[in-house]
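Visitor: Chains as they are written, first to last, in our numbering: chain A, 221 to 590; chain B, 221 to 590.
None of these hints come from the bench; they were simulated from the model. Since this is a predicted model, take the numbers as computed values, not measurements.
Copies of the same chain look alike in the list, so a pair counts if it works inside one copy or between any two.
30 Å max Cα-Cα, derived BS3-like pairs, lysine-lysine:
{"id": "1", "residue 1": "K478", "residue 2": "K293"}
{"id": "2", "residue 1": "K326", "residue 2": "K277"}
{"id": "3", "residue 1": "K469", "residue 2": "K381"}
{"id": "4", "residue 1": "K324", "residue 2": "K508"}
There are 2 protein chains.
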Amino acid sequence: MKITIQNGELEQKVGIALKGINGRNSTRPILKCIIIKAKEDEILLEATNLEIGLRVKVDGTVEEEGCCAIDGKSLADISRKMPDGNVVIQSDEKMAVISGKKVKIKLPVSDVENFPGLPDLTEMEVSCSVLQGMLKDALNGVLFSIAVTEVNQMLSVVHVKCEEGQMRLTGLDGHRIAIRALEVQTEEMELNLPGIPLKEIAKLLNNEEQKVDLCVTEHLACFLMPDVWASMRLVDGKYFDLSAFLQDKTNRKIRIDKTQLKDSVSRALLLLADKVQKPLVVQVAENKVTLEAATTAGEMSESINAVTEGESGLLRIGYNPRYLMEILQAVEDETIDLSLGGANDPCLIKGMDYLYVLLPVSLGKTEAAL
Amino acid sequence: MKITIQNGELEQKVGIALKGINGRNSTRPILKCIIIKAKEDEILLEATNLEIGLRVKVDGTVEEEGCCAIDGKSLADISRKMPDGNVVIQSDEKMAVISGKKVKIKLPVSDVENFPGLPDLTEMEVSCSVLQGMLKDALNGVLFSIAVTEVNQMLSVVHVKCEEGQMRLTGLDGHRIAIRALEVQTEEMELNLPGIPLKEIAKLLNNEEQKVDLCVTEHLACFLMPDVWASMRLVDGKYFDLSAFLQDKTNRKIRIDKTQLKDSVSRALLLLADKVQKPLVVQVAENKVTLEAATTAGEMSESINAVTEGESGLLRIGYNPRYLMEILQAVEDETIDLSLGGANDPCLIKGMDYLYVLLPVSLGKTEAAL
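Start from the sequences, fold in the hints, and give me the full structure.
Guide: Pasting the structure below:
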C-alpha cells in the first residue's frame, strides 16, 4: 500500500478514527489499531473497540492499493508531529513507513486479518435525519444522567423514541430522569442506545449546520456524517415505563434565576463535595429559596429571591448537590421552573424541550448530625 | 477580628498565599492554614510549609483587629466562588464567618499559636535588585535541570554567585549543567537556594516591569516584591567546582536552527519516551545532522541542514532525548551553537547569557540491540 495525504488532513482524520479505539475492550492489539484501507481512489480509516465502529474517509492519493493496521495511538502522535506538507504512508507485511520531507518513521504493523470488520452499509435506509448541533445538545442533555456501571444495563442506555415528527431521548440512573425532545423528520421507532459509544458520537457531532442521518436495522444503529460513519449495537429489551413518574402531581411551583441558583449550589459543593451522602438542604418559603449545607468542613446558608406559587407552608427538602448541579449545567434557559410536592416527592424541572426529574434524599441523618 | 475586602482582591491574594502551603511538609494542620492578621490599617496573609514562608499584603478595611488561621485550600475555594462585591471575614476563637451579599459560610479555625511564624524583616538589607521578568526567565532556565530527589542535597539547589554587576545561576543534576547569567546591581555573594521553594518564587515573579529585591542574611534569603514577601532557608555547604567541565575543549562546532532540531527531537520522543535508557543518536557529518531512534515501538531517522566547523569526520553520539528537549525549550535564540568533542565528551550549548552542558550516554547497548 502507498498513499499520500496532506499532514493537516491526516492529523484530523486519525484523531477522529482514534475515538473508535477508546474504551474498555482495547486489550487485544488489533483493537488498538487503526486500519488504513486504500482502494481505487478512496482512502478509509477504520477502527472499532467492539462497542463502536468508525469509518472515516480521508482526502488523499492512492499510489498503490492495499491495507495495513497501525497502532492507533502511535499513528495519532506521529501524525500530529509530522512537518508541514505531504505525508506518505507506505506499507508491506511487516512495516509501515511514514515519511515527510526529511523525516522517516518506521512502525511495526499488525495482521489486518484479525480485524473484526465493520457492518455492511449497503442495505441500510435512513430512518431519521437531524442537524448535528441539535442532536449533540440533546444527547449531552441526557448522557450525564445515565449510570456508568452495568448493574442494570437499561440504566446505562439512552432510550430513543421517534414518532409524529418528534424524537424523545430519555436517560435515568435511578436517582434522576432526563428527557430531551427535538423536532425531526423521522420514522416511528423505539431503540436503546448504549451510553458509552453514544458519548463518543456526541463528541463527533461537530458541524452544527450539517445533518447527521440515523440508520437503524434490527441490531444496529448507524450515524452517517459526511466523511464519518459510526455504528453501534442496540441494547435489546424493554425500557422502563416512566408514566407514573412523569405525571405532574406537584402542588408547589418555583420560578428562579438559574445562574443565581447554580452559583449558590457551586458554593455549597465546596463544603459538600467530599462528604458522601451529605445532602444540600433547600428550604422553600414564600418568594424565597434558602440553600443550606453543613459538614465538618464548615456551614453555609444563603437565600435567593424566587417566585413561588401553590402551597405556601415552609418546606425543607434534601438533594444530592452534584445531581442538581448537573441539571443546572445542562439547561440553557436563564429562568427555570421547579415543581415540588412534599419532602419525599420528586422535583420536576420542566422547559419547552426538556424535563428533568430529581429524587430527593432523606434529611434524617443530616438533621440529626447538626 | 473583622475585615472587609473586595472579592477580586481576596481571591488574588489568597491564591498567592496558597503557594506557601504547597509542599511536602503540609501534614501538620496549621501548615495547611493561611493566617489572616489584621492590625491597625494593615491586613496580611501568612503561610509557610517550613521550606518557603510567604507574607502577602491585602487591600481592605480593618474593622476589628485580630488574627485567625483558616484552612488555605477552603479559603481559596470559597474566595473564588464569592459573589461580586465586598467580602467580610469575621472570626472568634472557634469559627470564621465569611459573608458577602446573601451568602454566609462558617469555617472552623485553627489555633494561631501553633503557627511557626515568619522571620523578622526589620534588620535585613537589600543585597541585590533585579527586574522580575529577567529573574523569572533565568530561574526557569536553570530550575528544570536540578534533581528532584535528595540523594545529594547540592544536586537540588540553584547556586547563585553575584560579583562585578553579574548574577550567575547554576543548577546541575549529574547528567547536565545549566548556567544563566544576568546583569544586576549587586553585592558580592554566593549562596545555595533550595530548588523546591525557588520554583514557587519563579511562579510569583509575574510583573515583568517591577523589581524584586533580594535580601540575604546568614541563613535566609528573602525575595521582596510589592505586596508579597517570600523567605527561604539557605542550604549550607560548598557548591561543586565546575571549572573542569566548563573549559571548552571541544573540537567541532555546529550552528543549527533550534525549531527544526526541537521538532525533530519531539518526533524522536514519540518512540523513545517510554523506553528508559534508549538514547537518541545524533550523527554529525559535514553540514548535516541526522537524528536516529530505534525501539520496539518503531524507528525514525531524519536529517537537518547545519553549519559545521572543526573536525570533519563522522561522529555518532548518544543523548537522553528528554534532557536535550528541555534545554531546547529553555533557550530563546532561534539559532543555537553546539560544541562537541568525541562520543564520550559533553556537548556545550552556549549563547550570550546561557551555557548548557549535556553529558552523552553510551551507544553500546543501542547499537547491539539494533
